[in-house]
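Please model the complete structure; the sequences and the hints are all you need to start from.
From first to last, the protein sequence lines are chains A and B.
Last residue of the first sequence: 188 in the working numbering, with the numbers rising by one and none dropped.
Last residue of the second sequence: 218 in the working numbering, with the numbers rising by one and none dropped.
There's no promise every hint is true.
[Stated by the list, open to error] Below, a list of computed lysine to aspartate or glutamate pairs in the DMTMM-like style, where the Cα atoms sit at most 25 Å apart:
no., chain 1, residue 1, chain 2, residue 2
1, B, Lys136, B, Asp87
2, B, Lys190, B, Glu172
3, B, Lys108, A, Glu37
4, B, Lys136, A, Glu37
[As the list claims (entries may be wrong)] Among the chain B residues that face chain A by a calculated CB cut under 7 Å, a handful are:
no., residue
5, Gly17
6, Met20
7, Asp146
8, Ser149
9, Asn150
10, Lys158
11, Ser159
[Unchecked claim] Pairwise CB distance ranges (calculated):
no., chain 1, residue 1, chain 2, residue 2, range
12, B, Glu57, A, Lys113, 44 to 50 Å
13, A, Pro104, B, Arg11, 38 to 44 Å
14, B, Glu172, A, Thr47, 28 to 34 Å
15, A, Pro101, B, Glu115, 42 to 48 Å
16, B, Glu57, A, Val130, 48 to 54 Å
17, A, Tyr106, B, Asp62, 57 to 63 Å
18, A, Val49, B, Ala182, 37 to 43 Å
19, B, Glu115, A, Lys39, 32 to 38 Å
20, B, Glu214, A, Trp119, 51 to 57 Å
21, B, Glu172, A, Val49, 30 to 36 Å
22, B, Thr36, A, Tyr110, 35 to 41 Å
It should be emphasised that the hints constitute simulated quantities derived from the structure, not laboratory data.
Backbone N, C-alpha and C define an ideal beta-carbon position, used for all residues, glycine too.
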Amino acid sequence: MNSTRRAFLKGVSAGVLCISLSQLGFDLTEAKAYAKELKIKNCRAVTSVCPFCAVCCQVIAYERNGELIATEGDPDFPINEGSLCAKGASLWSMYTNKHRPTKPMYRAPYSDKWVEKDWDWTPDRIAHLVKEARDKDLILKNEKGQTVNRLESVFWMGTSHASNEECAAIHQAMKGLGVVSIDHQARV
Amino acid sequence: MPKSFLIDTTRCTACRGCQMACKDWHNLPAIETKQTGTHQNPPDLNPCNYKLVRFHEHKTADGRVMWNFFPDQCRHCIHPVCKDVADMAVPGAIIQDEATGAILCTEKSAQLSPEDAQAVIEACPYNIPRLDPVTKMLTKCDMCFDRVSNGLLPMCVKSCPTGTMLFGERSEILAEAKKRLAKIKKTFPKAFLADQRDVNVIFLLAEEKEHYYEYAAF
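Pasting the structure below:
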């Protein structure tokens, strides 16, 4: 890009060239013809939460006729005050990305294929597997004969998006099953 | 009085929120890039990236590594050379909005011959405009003209989590820029406001422009 033209213009830009031409009055009114219409006009604004990290920045999603038009940080939320990082700022791209799965994907044991599954099928399947694992593996007593009621073949991976209340409920549910390995997505 | 940006690079953490926010607001598609050994990705401005955080590192005399971030974008010059060059070929291809000071590439920029478009690109002292091979239009930052005209902040400024970017009336931005410069000079004596008299996007740089990007300042 080191052309002589640029070097030349650098030299004169503050001088004759720009003053003479921009003052000839090439119409400034044309700016008015440039798109001034806000693309989120007449959109419904819905607050949502960025799905990435544990900060849980709040976002405003603009929707029109069921289509997501734009997303931006929510200035009323005290944590991010309207700002977003690269991940949060890319929610519209993520949502509209054709590679984003919109249904649960299931790969059966030993299979090399992903299959689309129903939203109802998935929790049922998980519940059955948890029940199966617990029935099979629950350790009632340790070597000394003390009651432990421990389930070591299941672990719980938490999410940054669980609130304190949800975490408490999850924790109690897992402890109820005897699960001792509980961790959090943000530590991984 | 036009609108101005302050980009205080000493606050930038290179999260690239501005880069993504800009891309999303303008509905620009993803482009194919490669890992080139730097976080600067894509490697340069292009018709799908009007805003790009540039990375530059160097060693100081006492052996410390300085890693500088430069959120590059159109400076919305007060006397835009690109407009002058474009006007010689197709008047109205590039326009300057009176109220905001925004420099805008219009649909007429598609009427520029490839040579004229190239001349406009090379005229820019900051190496900003890019030619869209599909629409044949010149592309660059438009100051989020629709947002600013409707009283909203440009998307990059809105998104910035660290207070690197500010936007407002030129007089207020200049005052804030001078205040910040005075403070930063205590730590970085070479700090300066890049081309503050000529542009509406004022970069506060902590070191010489060479330690940021070749075209960081005039």
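Hint check:
1. Lys136/B x Asp87/B: holds, 17 Å
2. Lys190/B x Glu172/B: holds, 23 Å
3. Lys108/B x Glu37/A: holds, 19 Å
4. Lys136/B x Glu37/A: holds, 23 Å
5. Gly17: Interface hint status for Gly17/B: holds (5 Å vs cutoff 7 Å).
6. Met20: Since chain A brings a Cβ to about 4 Å from Met20/B, closer than 7 Å, the hint holds.
7. Asp146: For Asp146/B, the interface hint holds, since the closest Cβ of chain A sits about 5 Å away, which is under 7 Å.
8. Ser149: holds, 5 Å
9. Asn150: Given a least distance of 5 Å, the restraint on Asn150/B holds.
10. Lys158: Holds - the Cβ of Lys158/B comes within 7 Å of chain A, reaching about 6 Å at its closest.
11. Ser159: holds, 5 Å
12. Glu57/B x Lys113/A: 44 to 50 Å: Taking Cβ atoms as reference, Glu57/B and Lys113/A lie about 45 Å apart, which means the hint holds.
13. Pro104/A x Arg11/B: 38 to 44 Å: holds, 42 Å
14. Glu172/B x Thr47/A: 28 to 34 Å: holds, 30 Å
15. Pro101/A x Glu115/B: 42 to 48 Å: holds, 47 Å
16. Glu57/B x Val130/A: 48 to 54 Å: Distance hint for Glu57/B, Val130/A holds at roughly 50 Å.
17. Tyr106/A x Asp62/B: 57 to 63 Å: Holds - the Cβ-Cβ distance for Tyr106/A and Asp62/B, about 58 Å, lies within 57 to 63 Å.
18. Val49/A x Ala182/B: 37 to 43 Å: With Cβ atoms ~40 Å apart, the hint holds.
19. Glu115/B x Lys39/A: 32 to 38 Å: holds, 34 Å
20. Glu214/B x Trp119/A: 51 to 57 Å: holds, 53 Å
21. Glu172/B x Val49/A: 30 to 36 Å: With Cβ atoms ~33 Å apart, the hint holds.
22. Thr36/B x Tyr110/A: 35 to 41 Å: With a Cβ separation near 39 Å, Thr36/B and Tyr110/A satisfy 35 to 41 Å, so the hint holds.
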